[in-house]
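Trainee: Chains as they are written, first to last, in this note's numbering: chain U, 33 to 389; chain F, 20 to 183.
Note that these hints are calculated values from the structure, not bench results. Any given hint might turn out to be false.
Unchecked claim - Ranges of calculated distance between the beta carbons of each label pair, as one might list FRET restraints:
#1 F/Thr91 x U/His190: 18 to 28 Å
#2 U/Met202 x F/Lys79: 37 to 47 Å
#3 U/Asn219 x F/Leu22: 29 to 39 Å
#4 F/Ala68 x U/Pro244: 23 to 33 Å
#5 F/Ile80 x U/Asn219: 19 to 29 Å
Stated by the list, open to error - With a cut-off of at most 16 Å between alpha-carbon atoms, the simulated EDC-like pairs for lysine to aspartate or glutamate come out as follows:
#6 U/Lys189 x F/Asp58
#7 U/Lys218 x U/Glu385
#8 F/Lys123 x F/Glu137
#9 U/Lys129 x U/Glu107
#10 U/Lys129 x U/Glu148
#11 U/Lys213 x F/Asp57
#12 F/Lys54 x U/Glu385
#13 U/Lys189 x F/Asp57
#14 F/Lys136 x F/Glu126
#15 F/Lys54 x U/Glu188
#16 U/Lys213 x F/Asp58
#17 U/Lys184 x F/Asp58
#18 U/Lys186 x F/Asp57
#19 F/Lys61 x U/Glu188
#20 U/Lys283 x U/Asp357
#21 U/Lys189 x F/Asp65
#22 F/Lys61 x U/Asp187
#23 U/Lys283 x U/Glu297
#24 U/Lys189 x F/Asp64
#25 U/Lys186 x F/Asp58
Since the model is a prediction, treat every value here as computed from it, not as a measurement. Where a beta carbon is used, it is the ideal one built from N, C-alpha and C, also for glycine.
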Amino acid sequence: MNHNRKVWTLIVGLLMSVGLLLPSQAKANEAEEGGLDVTAMIFDHIGDSYYWHLFDINEETQVSMPLPVLVYSSESGFHCFMSSRFHHGHESYDGLKIAHEGEPYAGKIVEQVGGEWVRPTLDLSITKNVAGLIITSILLVWMILFCARWYKNKDEKHPAPKGFVGTIEMLVSYVYNDVIKPNIPKNTGRYAPYLLTAFFFIFFNNLCGLIPGSANLTGNIAITVTLALFTFVTTNIFGTGAYWSEIFWNKELPAWLRPIMAVIEFIGLFTKPFSLTIRLFANILAGHCALLGVLSVIFLTAISMPGVGNGAMSFVSILLGIFLDCLELLVAFIQAFVFTMLSSIYIGLSQAEHHHH
Amino acid sequence: MDLLIPESGLFIWMLLAFTVVFIVLAKFGWPIITKMIDDRAKYIDDSIAKANEANEKLAKIQEETAAMLKQTQEKQSQILAEAMEMRKQIVEKAQTEATVAGQKILEEARQQIQAEKEDAIRDIRRQVGELSVKVAEKVLRQSLDSDQAQMAMIGRMLDELETK
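Isolated chain U (complex conformation):
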């Protein structure tokens, strides 16, 4: 036992000291051999694509699923074809092409208008993210409806569900009783469906995003901005008179402060959804980047220090990767929880009543 521990300490210490030398060496090697571009690899993973990339056999042969391209251009009208027509971005089709690295709109479909490559008016292509979104949405709806079906023909005297339905009920019950109800004591029934949908949508997509090869949805700003927009609309559309008067003419403040606070509060209306957008997006994106960065150590050391060094570094990077993956599981829940919690608080504030003095 004691002996084992000594060996362990030695190995970890050795690996860590090697790790310190790593970044400079990797960069040097990359520059020399034109090897792995970590940044490009990470951005490729977290970004969107017109293909669902599965795996590479070798540098020439990539196995990926083509996805439908749906483009409307005010110049050339509707385009609808499979992305395999582009031959992985090497060819143009129907007057459209995928912009290469270094060009403007890199990785996006562009069309030539007046000698310049510009984005078409509306690109509704089923990209990897859209495909992922459709799949997770269907799965989510199916999951929740499956659970809801369990409750049919059962009354409250029936014992609580077990297994999968029980797990979902535990989550629903937690969000409903501990997040939504305390923050929105009035009109709970009006807002609970939206907040529950938001929680489960974010949580489920956070978890799905952790599956290797899946789409990174909640780490995409278009997704989070939509969610924040829903919260913004839900908050303000049913805002009470007391809520609006607290924003624009807060009677609890001295008169000279009121106009200043009105401006600040008005800006606050928009910073709230903005912070919701950025918080979720940045947290998930950062997690993915960190995980990919740690795992790419394996491939970097394979180039810079083949043999024992690579083996040792792979070991460390896998350990770190497992740790980060567990952390991401936690973050997946926390971020879904935080989004729901803050949305509940904002909605709760919008249901303010006039104070009676």
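Place chain F on chain U using the hints.
Mentor: Relative to chain U, chain F alone:
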């Protein structure tokens, strides 16, 4: 940066997908689950309240039973005491009655004896009178054998009447 600009296509798809998910789940999913959660919570609360009530009732019943038992025991001892008292009274009464009856019998006997005694005395007196009359007769007959004596006697008696 590219990452910070929302892609319009994905935004539209997301808007659509989330709206559909929300509508379907808000209609067929969440209300069923949250209603059950609320109902079950209410049922559990009610059950706890009912259990408490039942416990209270039970405690009350136990108290009542104990009180009843106590009361019964008290009554029993009271009845026993009463019975003892009654026995005592009966015995005493019997004794008194017996004494009274005995005295009455004695009294009656005494009265009878007295009456008989008086009868006897009266009888003796009568007999003594008769005897003394008979004796006096015999004595008188002997002393008045002669006429002289008889005349003296009559004279004396007449004198006596005159003086009277």
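Trainee: It remains to establish, for every hint, whether it holds in the given structure.
Mentor: Tested hints:
no., hint, in the structure
1, F/Thr91 x U/His190: 18 to 28 Å, "violated (47 Å)"
2, U/Met202 x F/Lys79: 37 to 47 Å, "holds (39 Å)"
3, U/Asn219 x F/Leu22: 29 to 39 Å, "holds (37 Å)"
4, F/Ala68 x U/Pro244: 23 to 33 Å, "violated (52 Å)"
5, F/Ile80 x U/Asn219: 19 to 29 Å, "violated (45 Å)"
6, U/Lys189 x F/Asp58, "holds (9 Å)"
7, U/Lys218 x U/Glu385, "holds (10 Å)"
8, F/Lys123 x F/Glu137, "violated (20 Å)"
9, U/Lys129 x U/Glu107, "holds (15 Å)"
10, U/Lys129 x U/Glu148, "holds (12 Å)"
11, U/Lys213 x F/Asp57, "holds (11 Å)"
12, F/Lys54 x U/Glu385, "violated (26 Å)"
13, U/Lys189 x F/Asp57, "holds (12 Å)"
14, F/Lys136 x F/Glu126, "holds (15 Å)"
15, F/Lys54 x U/Glu188, "holds (9 Å)"
16, U/Lys213 x F/Asp58, "holds (15 Å)"
17, U/Lys184 x F/Asp58, "holds (14 Å)"
18, U/Lys186 x F/Asp57, "holds (14 Å)"
19, F/Lys61 x U/Glu188, "holds (9 Å)"
20, U/Lys283 x U/Asp357, "violated (50 Å)"
21, U/Lys189 x F/Asp65, "holds (11 Å)"
22, F/Lys61 x U/Asp187, "holds (12 Å)"
23, U/Lys283 x U/Glu297, "holds (14 Å)"
24, U/Lys189 x F/Asp64, "holds (12 Å)"
25, U/Lys186 x F/Asp58, "holds (11 Å)"
Violated hints, listed in ascending order, are 1, 4, 5, 8, 12 and 20; each of the other numbered hints is respected by the structure.
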